Amino acid sequence: GAVVSQHPSRVICKSGTSVKIECRSLDFQATTMFWYRQFPKQSLMLMATSNEGSKATYEQGVEKDKFLINHASLTLSTLTVTSAHPEDSSFYICSASGLLGTDTQYFGPGTRLTVL
Amino acid sequence: EDQVTQSPEALRLQEGESSSLNCSYTVSGLRGLFWYRQDPGKGPEFLFTLYSAGEEKEKERLKATLTKKESFLHITAPKPEDSATYLCAVQAFTGGTSYGKLTFGQGTILTVHP
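Protein chains in written order, with the working numbering: chain Y, 1165 to 1280; chain L, 1387 to 1500.
Please keep in mind that the hints were generated in silico from the structure rather than gathered at the bench.
This one's a predicted model, so the numbers in the text were calculated from it and none came from an experiment.
Incorrect hints may appear among the rest.
[Unchecked claim] Listed next, with one range per pair, are the computed distances between beta-carbon atoms:
no.: 1; chain 1: Y; residue 1: Gly1225; chain 2: L; residue 2: Thr1412; range: 19 to 27 Å
no.: 2; chain 1: Y; residue 1: Val1167; chain 2: L; residue 2: Gln1400; range: 40 to 48 Å
no.: 3; chain 1: Y; residue 1: Asp1229; chain 2: L; residue 2: Glu1446; range: 17 to 25 Å
no.: 4; chain 1: Y; residue 1: Asn1234; chain 2: L; residue 2: Thr1462; range: 28 to 36 Å
no.: 5; chain 1: Y; residue 1: Ala1236; chain 2: L; residue 2: Ser1410; range: 36 to 44 Å
no.: 6; chain 1: L; residue 1: Ser1404; chain 2: Y; residue 2: Asn1234; range: 41 to 49 Å
no.: 7; chain 1: L; residue 1: Phe1479; chain 2: Y; residue 2: Gly1217; range: 36 to 44 Å
no.: 8; chain 1: L; residue 1: Glu1467; chain 2: Y; residue 2: Leu1240; range: 47 to 55 Å
no.: 9; chain 1: L; residue 1: Lys1449; chain 2: Y; residue 2: Ala1236; range: 39 to 47 Å
no.: 10; chain 1: Y; residue 1: Ser1218; chain 2: L; residue 2: Gly1402; range: 46 to 54 Å
no.: 11; chain 1: L; residue 1: Gly1440; chain 2: Y; residue 2: Arg1174; range: 37 to 45 Å
no.: 12; chain 1: L; residue 1: Ser1393; chain 2: Y; residue 2: Arg1276; range: 24 to 32 Å
Ideal placement from N, C-alpha and C gives every residue a C-beta, glycine not left out.
Build the full structure now, drawing on both the sequences and the hints.
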């Protein structure tokens, strides 16, 4: 149990385009989903927290208009990077919690975004 | 502000050489401490959750312990496949709805040589 998937695993796009990343909890209903960003050789940085049917809560310094988060169901959350620029290139990882009513976060495999 | 410090930053072991990783934390009220393993280019894999001082959990060659100020991840007779980055994170009680936010340490890069 506790499998979280992400799609795509890698994406390369041109500067100015938008990219959507999907995060799915495959075998449990996720009451809360989280989006993180990780730079090389650094730890995870929380970007935002989302609950199904509610607006996402963004961490300080994260532009909500640039990183759009939608949590449409208990098994799906999406992160859209709008008008991507090279500085948005990073490893984006989602996590989901809610299995058996616990707060344990289970992570997806990550998405490598490269903006040219 | 919650803080998590992991040491050492990197650890090289010979296969079979047991050791411990440290996670020191300061948090207003600890709701849970989490250990994850992360392989290069992958998302973190959940290992343990500890909730109160004195608690211990084991899984294969790994054993996690918790005190009021720190947690240890003991690795007994490690194998090369245990090589990974080990991440520690804390979750605090915030009152109301915290949504389970985690604060991560920088991680310990473990390399086990055959």
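Quick rundown of the hints versus the structure:
Roughly 22 Å separates the CB atoms of Gly1225/Y and Thr1412/L, a value that falls within the hinted 19 to 27 Å. The supplied range of 40 to 48 Å is broken by Val1167/Y and Gln1400/L, whose beta-carbon atoms lie about 34 Å from each other. Asp1229/Y and Glu1446/L have their C-beta atoms about 45 Å apart, which leaves the hinted 17 to 25 Å range violated. As the Cβ distance of Asn1234/Y to Thr1462/L is approximately 44 Å, the hint placing it in 28 to 36 Å is violated.
Against the hinted window of 36 to 44 Å, the Cβ-Cβ separation of Ala1236/Y and Ser1410/L comes to about 39 Å, which satisfies the hint. Evaluation of the 41 to 49 Å hint for Ser1404/L and Asn1234/Y yields a pass: the beta carbon distance comes to about 47 Å. Restraint check, Phe1479/L to Gly1217/Y: a C-beta distance of roughly 25 Å breaks the suggested window 36 to 44 Å. Between Glu1467/L and Leu1240/Y, the C-beta spacing of about 33 Å breaks the proposed range 47 to 55 Å.
The beta-carbon spacing between Lys1449/L and Ala1236/Y, approximately 40 Å, falls within the hinted interval of 39 to 47 Å. One distance hint, 46 to 54 Å for the beta-carbon pair Ser1218/Y and Gly1402/L, holds here, with the actual separation near 50 Å. Checked against the hint of 37 to 45 Å, the pair Gly1440/L and Arg1174/Y passes, with Cβ atoms roughly 44 Å apart. Checked against the hint of 24 to 32 Å, the C-beta distance between Ser1393/L and Arg1276/Y comes to roughly 29 Å, which is consistent with it.
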